[in-house]
Amino acid sequence: MWYRCLIVGTLLWLAGNLPAGAFIAYVSNEKSNTVSVIDTDKWVVIKTIKVGQRPRGIEFTRDGKFVMVAVGDDDTIQMIDTGTQEVTDTLPSGPDPELFIQDKAGKILYVANENDNTVTVIDLEKRARMGDVQVGVEPEGMALSPDGRVLINTSETTNMAHFIDTETRQIVANVLVDSRPRFAEFKNDGSELWVSSEIGGTVSVIDPARHLVTTKITFDIPGLRKEAIQPVGISIAADGKTAFIALGPANRVAVIDAASHQVIKYLLVGQRVWHLAFTPDEKWLLVTNGISNDVSVIDVAALKVIKTIQVGELPWGITIAKQ
Amino acid sequence: MIRLFLGLVGLGALGASALAADPVEIGIGYLRRAGVKPTLSLVEQPAASDGVAGARLAIEDNNTTGRFLNQHFTLEELRLKEGDDATTAAMSLVDRNMAFIIADLPADALLKAADTVRARGVVVFNAGAIDERLREEDCRANLIHVAPSRSMLADALAQYLVWKQWKRWLMVVGSHEEDKLYAEALRRAALRFGAKIVQERVFEDTGGARRTDSGVTLLQRQMPVFTQQVPAYDILVAADESEVFASYLPYRTWDPRPVAGSAGLVPKSWDAAQDQWGAVQMQNRFLKLNSRHMTALDMQAWTAARMIGEAVSRVNSVDRRTLFDFLKGPDFSIAAFKGQRLTLRPWNLQLRQPILLVDGRMVVSVSPQEGFLHQVSELDTLGVDQPETKCKLH
Numbered sequence: 001m002w003y004r005c006l007i008v009g010t011l012l013w014l015a016g017n018l019p020a021g022a023f024i025a026y027v028s029n030e031k032s033n034t035v036s037v038i039d040t041d042k043w044v045v046i047k048t049i050k051v052g053q054r055p056r057g058i059e060f061t062r063d064g065k066f067v068m069v070a071v072g073d074d075d076t077i078q079m080i081d082t083g084t085q086e087v088t089d090t091l092p093s094g095p096d097p098e099l100f101i102q103d104k105a106g107k108i109l110y111v112a113n114e115n116d117n118t119v120t121v122i123d124l125e126k127r128a129r130m131g132d133v134q135v136g137v138e139p140e141g142m143a144l145s146p147d148g149r150v151l152i153n154t155s156e157t158t159n160m161a162h163f164i165d166t167e168t169r170q171i172v173a174n175v176l177v178d179s180r181p182r183f184a185e186f187k188n189d190g191s192e193l194w195v196s197s198e199i200g201g202t203v204s205v206i207d208p209a210r211h212l213v214t215t216k217i218t219f220d221i222p223g224l225r226k227e228a229i230q231p232v233g234i235s236i237a238a239d240g241k242t243a244f245i246a247l248g249p250a251n252r253v254a255v256i257d258a259a260s261h262q263v264i265k266y267l268l269v270g271q272r273v274w275h276l277a278f279t280p281d282e283k284w285l286l287v288t289n290g291i292s293n294d295v296s297v298i299d300v301a302a303l304k305v306i307k308t309i310q311v312g313e314l315p316w317g318i319t320i321a322k323q
Numbered sequence: 001m002i003r004l005f006l007g008l009v010g011l012g013a014l015g016a017s018a019l020a021a022d023p024v025e026i027g028i029g030y031l032r033r034a035g036v037k038p039t040l041s042l043v044e045q046p047a048a049s050d051g052v053a054g055a056r057l058a059i060e061d062n063n064t065t066g067r068f069l070n071q072h073f074t075l076e077e078l079r080l081k082e083g084d085d086a087t088t089a090a091m092s093l094v095d096r097n098m099a100f101i102i103a104d105l106p107a108d109a110l111l112k113a114a115d116t117v118r119a120r121g122v123v124v125f126n127a128g129a130i131d132e133r134l135r136e137e138d139c140r141a142n143l144i145h146v147a148p149s150r151s152m153l154a155d156a157l158a159q160y161l162v163w164k165q166w167k168r169w170l171m172v173v174g175s176h177e178e179d180k181l182y183a184e185a186l187r188r189a190a191l192r193f194g195a196k197i198v199q200e201r202v203f204e205d206t207g208g209a210r211r212t213d214s215g216v217t218l219l220q221r222q223m224p225v226f227t228q229q230v231p232a233y234d235i236l237v238a239a240d241e242s243e244v245f246a247s248y249l250p251y252r253t254w255d256p257r258p259v260a261g262s263a264g265l266v267p268k269s270w271d272a273a274q275d276q277w278g279a280v281q282m283q284n285r286f287l288k289l290n291s292r293h294m295t296a297l298d299m300q301a302w303t304a305a306r307m308i309g310e311a312v313s314r315v316n317s318v319d320r321r322t323l324f325d326f327l328k329g330p331d332f333s334i335a336a337f338k339g340q341r342l343t344l345r346p347w348n349l350q351l352r353q354p355i356l357l358v359d360g361r362m363v364v365s366v367s368p369q370e371g372f373l374h375q376v377s378e379l380d381t382l383g384v385d386q387p388e389t390k391c392k393l394h
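Going down the list, the sequences are from chains A and B. Counting from 1, one number per residue, gives the positions in the first sequence under this note's numbering. Counting from 1, one number per residue, gives the positions in the second sequence under this note's numbering.
It is possible that part of the hints are untrue.
To be verified - Estimated spans, in silico, between C-beta atoms of each pair:
| no. | chain 1 | residue 1 | chain 2 | residue 2 | range |
| --- | --- | --- | --- | --- | --- |
| 1 | A | 239 | B | 371 | 43 to 53 Å |
| 2 | A | 46 | B | 362 | 30 to 40 Å |
| 3 | A | 48 | B | 79 | 53 to 63 Å |
| 4 | A | 225 | B | 273 | 52 to 62 Å |
| 5 | B | 37 | A | 131 | 23 to 33 Å |
| 6 | B | 362 | A | 237 | 36 to 46 Å |
| 7 | B | 108 | A | 313 | 42 to 52 Å |
| 8 | B | 289 | A | 85 | 33 to 43 Å |
What the hints contain is simulated information worked out from the structure, not anything from laboratory work. C-beta: ideal position from N, C-alpha, C; glycine also.
This is chain A alone, in the form it adopts within the complex:
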């Protein structure tokens, strides 16, 4: 009898002490050529991985087995084994890769080659280049429509969002946005495409069916000159109700009502905030602060910044998945 109590007691104790859905975040540090690994239970850096030169775009593979990081000055994408947390492989990427995106199945990789006005298409299984698309000047932002049919690429100096048919790999439409577009993100239901314009200071909301800008999200922070408000990264919650936009040297993340496209609140984070990522349960939002060399943690429900974690130099991208 008593041993049954012991077993149940032990099981209960174990259940109480297991990390509840533990996540792990990988942050690319553009200047120090490293990737910082953050444990989201303790909110500490548990490892710093040496990578190639100028790491920027960073993403978990769909199966979670690897983290891909674009090392632009080495003209390649490195693969970090998430088990050993070491670089184990490289992928062809075309020259100077910056951002990239995988298709839903994790079989195709689309890479923005910033110096070459090109988007390169890579077969992930064969580790080979399948083709490319000629886009505008300085391509960066990459997004894929939820149905996988349309690839979006934004070009910084051409100031456009290019709509590329993933089947034919042809550009089917081009939408002009404000100066220096950096990032593109679809709403989960595919009804809207958001594109940030860093120098223009706005986020364009685009109707992906009609290829039209339907509205522009603008920002106003009392006491701060408008030129300092430079939107870059965008994270839209899965339910499409709230969105978060990193505002660069304004040192703030704007919280947006994604239905009305109005700013609800500004959250003060570190210096030069560029990119953001939700934890898979969307309880936390982590943002990279390039100039203060740290990552801020935002409690999404409370809309509060709860922690700052020191990482490497010039933190750029961030990707988060289950441990």
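Fit chain B to the known structure of chain A by using the hints.
Then chain B, alone, in the frame of chain A:
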């Protein structure tokens, strides 16, 4: 019979759509001055393509965008020879149907060119002349200034020196007209931002070869003697646009002091060392196309041509009036790798811009400096501001 008729109609439709596919053409003229001034420094000697190389890259960038909008840009270059009349050259570009002219000309020639083409509805972009009077009493309604003015450059330097607390200046001025104009701008900047010129000295241009095989032996004796017995000072500010002496001063002053102005710490609109705000991409593209580093003049020309490209893509028209109105309007701005959008000052059509302070290898700082405030734009703390201007555009 019907089949023949239908066939002809089909051919006609094909023909019409083929015609519609022809892109809209925009011609931009580039008018270059005759000579290139020799510099004291061998490594600073401008390339033969200085300036126009930037415009060529911008045309490429415009055409990359233009592919998606069915617009095509061409650049027509015209280089003046010594003694040529700028007005004839400008008119020949207009006759070749150039919608805009980018000019790298001395002030008088620039004004003549702008005045001549005005009647034809052509707007001139000043990519090279820094003279204040072009933005003040000699401003023109069809002249847009992309090059910074002397006062913008002097103010950018002064703001940094004051921020640095190097407020006591020894100013050394050359004996030529442009040197004196630079000194005037520096005096104004010192007064405006709170620096004190403890003494001024003139370096007379007595002629002679700029380069000799035994250059340094004499220089390292001459420069210390020239700069001795100065009241206490923090920095030597040299006004030497004529390239006679300033480059000889760093590390040769009697007292160990830094040099700024025409040598040492130099204010410029752009430099090959600029790597902030995505500039590496710009530098790479330029290097790839032109096989050399990018200069301030190259960037000024690039910016002028890109302004035209930006206007054409936004208004989707090649009508000159429409484009010029857009450039002057509140919706126009251009991104030029300096961290914020650049706009035109409405009172004299000068492009607002941050100014880099460079030492020939690195960007040391960028003005306007933090703390210098302005009710309209902090960029207007550089140069002559609207309430002070003598310019009346009509």
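Against the structure, the hints come out as follows:
1. 239(A) - 371(B): 43 to 53 Å: holds, 44 Å
2. 46(A) - 362(B): 30 to 40 Å: holds, 36 Å
3. 48(A) - 79(B): 53 to 63 Å: Hint holds: Cβ distance 55 Å, inside 53 to 63 Å.
4. 225(A) - 273(B): 52 to 62 Å: violated, 26 Å
5. 37(B) - 131(A): 23 to 33 Å: At 50 Å between Cβs, range violated.
6. 362(B) - 237(A): 36 to 46 Å: holds, 43 Å
7. 108(B) - 313(A): 42 to 52 Å: holds, 51 Å
8. 289(B) - 85(A): 33 to 43 Å: Between residue 289(B) and residue 85(A), where Cβ atoms are some 42 Å apart, the hint holds.
In the structure shown, a violation is registered for the earlier hints numbered 4 and 5, in ascending order.
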